[in-house]
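Visitor: Heads up: the sequence lines are chains A and B, in that order. Counting with the numbering used here, you get residues 25 to 138 for the letters of the first sequence. Counting with the numbering used here, you get residues 113 to 230 for the letters of the second sequence.
Careful: at least some of the hints might be erroneous.
[As the list claims (entries may be wrong)] Below 16 Å or equal to it, Euclidean Cα-Cα: the simulated EDC-like pairs (lysine to aspartate or glutamate) are: (1) A:LYS76 / A:GLU87; (2) B:LYS167 / B:ASP177; (3) A:LYS84 / A:GLU100; (4) A:LYS125 / B:GLU171; (5) B:LYS153 / A:GLU32; (6) A:LYS84 / A:GLU40; (7) B:LYS178 / B:GLU164; (8) B:LYS132 / B:ASP177; (9) A:LYS125 / B:ASP200.
By construction, these hints were calculated from the structure, which means they are not laboratory data.
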Amino acid sequence: GNSVTQMEGPVTLSEEAFLTINCTYTATGYPSLFWYVQYPGEGLQLLLKATKADDKGSNKGFEATYRKETTSFHLEKGSVQVSDSAVYFCALIPSGGSNYKLTFGKGTLLTVNP
Amino acid sequence: GAVVSQHPSRVICKSGTSVKIECRSLDFQATTMFWYRQFPKQSLMLMATSNEGSKATYEQGVEKDKFLINHASLTLSTLTVTSAHPEDSSFYICSASQAGYGRDTEAFFGQGTRLTVV
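When you get a sec, could you build the whole thing from the sequences and use the hints?
Guide: Shown next as structure tokens:
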């Protein structure tokens, strides 16, 4: 079946540090890949996505590249801010089918200290 | 982006009682809504797909008589946890997609409901 594995947190960084949150997936074909962010007390928000191999999704300084050869979609940001503190979820939608069903990773809690 | 409102955000109930959770799309019509459950330090697990005007589609292993889903309008879906027990304590979250969804259509999430059964 389909699955998403992301690095376990929590991750604690100082402001302006470089961030990487690893995400690998298992799925047949070419799934669409997503990163969602959940700020404290709020619902999940789409951060970025990529729908085909070698695509790079980017938003708010975050980037992730769809790597088919390594089945990965690692999230990166060059300089994190305190306001980036949140839980980050990697997710996929399998190729084929007509339903919009997301398979999520377990989430990674990021805390950025001033 | 579009807004999905989920209510209540927290609820504590006694074992054996039923609890209803509402999920509303505030500024768009959602023909399809999804209900997820999240255990501590676990992934969000899809429980069911709620389709307006028809029966919900439940994922394998989810008891349909335990988790009643009603999608009575294009802006409202409800999840009722019937005869709740402590093992039903969890974080429940809904999402909604606009009409004509596909793989490239964004799903918008509610803020979630923390259910505690005592």
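Visitor: Compare the structure with each hint and give your call.
Guide: Hint check:
This hinted pair checks out: A:LYS76 and A:GLU87 have alpha carbons roughly 15 Å apart, not beyond 16 Å. Pair hint B:LYS167 plus B:ASP177 holds up; C-alpha atoms about 12 Å apart against a cutoff of 16 Å. Straight-line distance between C-alpha atoms of A:LYS84 and A:GLU100 comes to about 11 Å, which keeps the hinted pair within the 16 Å bound. Taking the CA atoms of A:LYS125 and B:GLU171, the gap is near 11 Å; set against the 16 Å cutoff, the hint holds.
The suggested pairing of B:LYS153 with A:GLU32 holds, with an alpha-carbon distance near 9 Å, which does not exceed 16 Å. A hinted pair counts as satisfied when its Cα atoms are at most 16 Å apart, and A:LYS84 with A:GLU40 qualifies at roughly 14 Å. Restraint check for B:LYS178 and B:GLU164: the C-alpha separation of about 20 Å exceeds 16 Å, so the hint is violated. Restraint check for B:LYS132 and B:ASP177: satisfied, since their Cα atoms lie roughly 14 Å apart, inside the 16 Å limit.
Straight-line distance between C-alpha atoms of A:LYS125 and B:ASP200 comes to about 22 Å, which puts the hinted pair past the 16 Å bound.
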